[in-house]
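Enquirer: Sequence:
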Amino acid sequence: MSVNVGLVGLGFMGMTHLSNYTKIDSANIKAVCDLNEEKLDLSKQKSQGNIDVGEMGELDEDSISKYTDYSEMILNSELDIIDICVPTNIHAKLAVDALDNDFNVMIEKPIAIDLPDAQKIVAAADASSGKCMVGQCIQFWPEYQKIREIVNSGNYGSVVVADFTRISPLPDWAWESWLLDAKKSGGAAIDLHIHDTDFINSLLGEPDAVFASGAKGSTGGIDYISTHYQYDDGPSAVTARGGWPFPSTFPFEMASTILLEEGAIEFSTLEDPTLKLHPHEGETVVPEVEEGDGWLRELEYFVDCVENDRDPELAGPAEASQSLEIVLKEVDSVASSEPVDL
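Residue numbers for the sequence shown follow our numbering, beginning at 959 and rising by one.
Keep in mind the hints are simulated off the structure, nothing from the lab.
Some clues are possibly wrong.
Said to hold, decoys possible - Below, simulated EDC-like cross-link-like pairs (lysine to aspartate or glutamate); rule was C-alpha separation at most 16 Å, straight line: (1) Lys1024 - Glu995; (2) Lys1104 - Glu996; (3) Lys1051 - Asp1018; (4) Lys1141 - Asp1055; (5) Lys1287 - Asp1130; (6) Lys1024 - Asp1060; (7) Lys1002 - Asp983; (8) Lys1104 - Asp1299; (9) Lys1287 - Asp1299; (10) Lys1287 - Asp1072; (11) Lys1078 - Glu1107.
Stated by the list, open to error - Cβ-Cβ distance ranges computed for the label pairs, FRET-style: (12) Pro1074 - Lys1234: 18 to 24 Å; (13) Asp1084 - Glu1220: 28 to 34 Å; (14) Ser1116 - Glu1030: 34 to 40 Å; (15) Ser1294 - Gly1240: 43 to 49 Å; (16) Glu1249 - Val1118: 29 to 35 Å; (17) Gly1240 - Glu1211: 44 to 50 Å; (18) Ser1116 - Ser1171: 49 to 55 Å; (19) Asp1020 - Ala1293: 28 to 34 Å; (20) Gly1112 - Phe1208: 17 to 23 Å; (21) Ser1035 - Thr1242: 52 to 58 Å; (22) Asp1018 - Asp1060: 25 to 31 Å; (23) Asn994 - Val1118: 31 to 37 Å.
Built from N, CA and C at the ideal position, the CB exists for glycine as well.
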């Protein structure tokens, strides 16, 4: 079975998704949509952002229907998946329309700009015969999947301390600089830092409270944040920090240090090897990590779910909505300088 994809939005993430679909044998790009007609000439577009996504595979552009009006694209009965890669503040409108028409829907993260919009998507997904998933790609990133495997194995005991970092230069590559407008992107707390909040929520469960400090940036939102996730019955300390108020020459990094009862995990994209395991007894181990990035692997997973008619067990809309709610509580904590219960 082949799965026909309609892609909405041809900016950095849209072109990243397009490139990755060309690497999935059973996925066919059948339609693209963008308000900017010039972007519909796919041969002239490229993905440009904070991580190199590699070369695009073969693409038969003549076989692709092209739209500047999304409402026309979702009338295309050939499509199996609608993939939404537009500014966050319009995710809900497009996602709900697609789900109401029983398409399978992939939504680039975060799920929405605020909780009411996220809840609209969750409700539409519950009522739809289509499947829905949110592109929380870190859950599919090979190093993070290996971290989850090590922690869940229990071979090194429970998590005692976990610290996560995500640092980026200012994302000035987005279409019309929409990422730099918190009314459209939510700022770095909602667009970037949510990766770590989502992974923490998935790995350790929902915290009982959050206590955060941060700084507003040029977006008008919180563009740097440092959060302590409090667990009444869990790890002693779980923290995450990140943001994008850094110069263009500053290196992008995602990193984590996790102390277990019988060892420690060390991860940084600036190191080679990126991932190390330090047992309390014995030599340092370099775990075998699968190839690829989280963007390709999440799309492979969703296409497989659609092909085999099974609901995604990772990064579903309810889980993504919960992660957004936690981040919004973190932003509230920054404003109040007080812990906020969940």
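Enquirer: If a hint holds in the structure, say so; if it doesn't, say that too.
Expert: Structure-based check of all given hints:
no. : hint                          : verdict
1   : Lys1024 - Glu995              : holds, 9 Å
2   : Lys1104 - Glu996              : violated, 41 Å
3   : Lys1051 - Asp1018             : violated, 30 Å
4   : Lys1141 - Asp1055             : violated, 22 Å
5   : Lys1287 - Asp1130             : violated, 27 Å
6   : Lys1024 - Asp1060             : violated, 21 Å
7   : Lys1002 - Asp983              : violated, 23 Å
8   : Lys1104 - Asp1299             : violated, 30 Å
9   : Lys1287 - Asp1299             : holds, 8 Å
10  : Lys1287 - Asp1072             : holds, 11 Å
11  : Lys1078 - Glu1107             : violated, 33 Å
12  : Pro1074 - Lys1234: 18 to 24 Å : violated, 43 Å
13  : Asp1084 - Glu1220: 28 to 34 Å : violated, 41 Å
14  : Ser1116 - Glu1030: 34 to 40 Å : violated, 53 Å
15  : Ser1294 - Gly1240: 43 to 49 Å : holds, 46 Å
16  : Glu1249 - Val1118: 29 to 35 Å : holds, 31 Å
17  : Gly1240 - Glu1211: 44 to 50 Å : violated, 28 Å
18  : Ser1116 - Ser1171: 49 to 55 Å : violated, 27 Å
19  : Asp1020 - Ala1293: 28 to 34 Å : violated, 52 Å
20  : Gly1112 - Phe1208: 17 to 23 Å : violated, 38 Å
21  : Ser1035 - Thr1242: 52 to 58 Å : holds, 55 Å
22  : Asp1018 - Asp1060: 25 to 31 Å : holds, 27 Å
23  : Asn994 - Val1118: 31 to 37 Å  : violated, 50 Å
Hint check: violations occur at hints 2, 3, 4, 5, 6, 7, 8, 11, 12, 13, 14, 17, 18, 19, 20 and 23; the rest are consistent with the structure.
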